[in-house]
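Visitor: This is what each chain is made of:
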Amino acid sequence: MIVAKRKALNEIAEMLAPYKKVTVIGCRSCVAICLAGGEKEVKMLVSALKVKNKKEGRKQQIEGTVVERQCEKEWVQEIEDQILDSDVTLSMACSLGAQTIGDMYPKHLTFPGLNTGMFGVPEEQGVWSEKCVGCGNCIIHTTGGICPIARCAKSMLNGPCGGSANRKCEVNLEVECAWAAIYDRLKIQNRLDLIESVIQAKDWSASHSGGRRVFVREDAKLTPHQKKGKGVQ
Amino acid sequence: MPQTKPKVIGFCCERHGMDAVVLAARSGKQLDASVRLLQVPCTGRVDGLHILKALEDGADAVFVLGCLEKNCYYDTGSIEGRKRVGYVKQMLAELGIEKERVEMFNAASSNSWIFPEIVAKMVDVARKLGPIGGEKR
Amino acid sequence: MKSNIQVLLCKCCTEMPKVINIERLAKLASESGNVLSVMILDGLCDGKELGDVVTEAKMKEIDRAVVLACQKKDVSPAVFKAYKRAGVNPYLVEIINLREEVVLPNASDKDRAQAKAENKLLAALARSRLLQPLERSSEEMKTRNVVIVGGGVAGQAAAREAAKYGVHTIILEKSAKSIIAPGVVMPHATLVGGKGYGGSFELKIKVGESFESLGAASVVIASGGGWTTLKGSLAKAVRGAMPLYEFHQKLLANQIPAGTVVFMDSPDPAGKTLRVQDYAWEETLETALELKKRRPDTAVYVIFQEMRATGLSELAYKEAAEIGVAFIRYDKGATPKVDPKDPAVLTVKDLSYGEVLKIRLGTMVFASIPASQDNLVIAEALRIPMSLDGGIRRGSIQRGPLSTPKPGVFVCGSALFPKSREVAAAEGQAAGKLAGEFAAQGVIEFGGIVAQVTPEKCSACLTCIRTCPYEAPCIGNATKAEIRVQACQGCGMCVGICPSKAIELHHYTDEQLMTESKTLLGGDF
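As they're listed, the protein sequences go chains A, B and C.
Per numbering that gives the first Met the number 0, the first sequence starts with residue 0, numbered consecutively.
Per numbering that gives the first Met the number 0, the second sequence starts with residue 0, numbered consecutively.
Per numbering that gives the first Met the number 0, the third sequence starts with residue 0, numbered consecutively.
Since the hints were made in silico from the structure, they are not lab data.
To list a few chain A residues with every Cβ distance to chain B over 10 angstroms, as calculated: (1) G161; (2) A164; (3) A180.
Keeping only pairs whose Cα atoms sit at most 25 angstroms apart, straight-line, the calculated DSS-like set for lysine-lysine is: (4) B/K88 - A/K53; (5) C/K71 - B/K28; (6) A/K53 - B/K98; (7) A/K58 - B/K135; (8) A/K53 - C/K517; (9) A/K49 - B/K135; (10) C/K17 - B/K4; (11) B/K98 - C/K517; (12) C/K340 - C/K235; (13) B/K135 - C/K109; (14) B/K4 - A/K49; (15) A/K4 - B/K98; (16) A/K54 - B/K88; (17) A/K53 - B/K120; (18) C/K517 - B/K135; (19) B/K88 - A/K58; (20) B/K4 - A/K53; (21) B/K28 - C/K17; (22) A/K49 - B/K82; (23) C/K517 - A/K58; (24) A/K72 - C/K456; (25) B/K98 - A/K58.
By construction, the Cβ of each residue, glycine as well, lies at the ideal position given by its N, Cα and C atoms.
Hey, can you work out the whole structure from these sequences and the hints?
Guide: Spelled out as structure tokens, the structure:
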């Protein structure tokens, strides 16, 4: 899922300092799960900012709420009044949520409360690690199910670099060399022959390097006949 | 030094936490009256939100008192309590608020001396640092 | 929801009035919202005044009470019985410990004590208004089985004791050895999995090569210690190391090689935690005695840091010393060691004489046993934690010395930590009693102060499931978290950690706690 991390509180406090009425909006989806922007984090942030304001004698009205999924307009629209009633909205969702609010209410100020990090998996409770960079052309069937683009610091496609030593990555000694992991995996799958086959140079146009991506399912799109009124589609 | 009336809130677990409070009282020790206690079933129940809300509502200092970690009645409750307090301390530090205002303590039912120590320490912190809003009491 | 509060102020005989102006407290109570009755009592624990309390409560149609007295444990049984007669839900009766939180510790500061007592009263009233009546439930246990993992000394004792309670005991023994015990003994049987909660466990066992399900009301882990394994730096370094059990077998079969025999107390004498096992001493002394009797010309040493020959085994110590077994005591300052270049020579400083001895070995016998490898499998199967040295971890001592963190599962003998056979048998008996008593009840009670999920708020993040030590939360039918109240202990850990605030703990909700906190901070003293 998308994994994000809350910005340092002093950065958030500074962002919000000039405004009299602040509303903080969280999300129940990815950011709740990675403990960055769910209802609890929103409530704690609101309380912490109020304590900070108490210390600095700042008069500021802060309130918080949560939506089911902040990147979907219908959910955001449910709290439209609360957003528009404030001077600034602090989004505690990933940047997708923050931008959705921004796109829906362009004259209104919406600031990000989180740094949106990566696609990650929970390795254990409280630890999320990056496993995918969204390159757009998945090849893990040739690498035993392990992604070398995400897990190798140099995104090597055909085996480790010369710096790999004792199963560790030379860029970060605490990280296992992805190709050591791939080798072991292919070995237990009895598919070491794949190590020998050459993966061709990657077509990076399918990744972010090719620009902003848009995925479409023609059969899912609503025809003009299906779209209702002028409401949110 | 202005004469302030410190406000300290303590979240005590129903088991060893409260037992330590009771034992201290029964051994005749006189304590500063500034500490106001709340009972929770286990310090694992304490949410960082409760601690921050207490500071928001006027506490100068907040402590959480639970069982010794190796002997928590609910096995891992006081470990959770410690983590919650730790997270709030980090938040306070990021905001430039003294993290000493919030503290985690552990006690066994048989410690008669630990609760007086906690009261003395936290009241001292509250007196030295004063109310967060700087108001005179 | 209606809120008709009765406030009881206990004078604690004469203690409270010495510090607190009770009339002022009573006046404040009667002027507070929802308070329909205020009574000042001489001594609640005495019980004599409770009749009047009940009469008044019924007359004023009281539905909840705030009792300012001392510690809950001291007053509650009588008070709750009384309120039951008055038709008040027990969870709506709050006992405030004014005596130990204010009266005793703040006696020397009467003004502040008064203000503090009044503040506590207001906070208790604020909380009382938010409380909800709660009910406990009960459920029949699905079986009366007590499953005992391990058919050794402890396991057999457990079975014999548990059977006295009329329950059905089932011993799972991993070997094929013959065991005489009540109930059923399953050879070649090991525990490999388990679900459920105390009273209704569903265990998965491996019998031979096949798997079976087995229901259990309670479980006793009596899997013993690692008899044949030798762990520890000295055991690894020395040449001719052997565990005591093996040595004893070989001695009886006359298969001991020639040469000096040293009985060593710990396989890791220089280690940080010296485990001096009670077990070692009885069997060590018996074996040393037997050895010296059979081979009077063999040099026999017993090297130890602490002698723990308990009870009558001291006689064996005496006899052994008299027939020439040498007892050498060392301390942490100079632990016995072997030279890596000549691992058959042990160097040890005798504390009593101050001499440094160099002993050329035939055999070194290690009398202490490490934890069994089986513990890993059992801990994994039942998902209970292990202790740092590889035993099954005990729950909080308040739950009992043989409890585990999982209610309904008990541990005894060397599975907990290595010990002598006699102590293991005694523990087995105790565990059998606890497990048998538990299963014989036939019903489990649960509910009241338990957690509850609001599914619409749940993000299914699995945090509660990972945090709870009792496996109360689970993912339910709607792919949202649910709390199995039968397993919920009411600690609130999942409630405090839920990132979407989807779980509440009855009787300690966020609103109740934060309202109490705010009211407490409102007092100016």
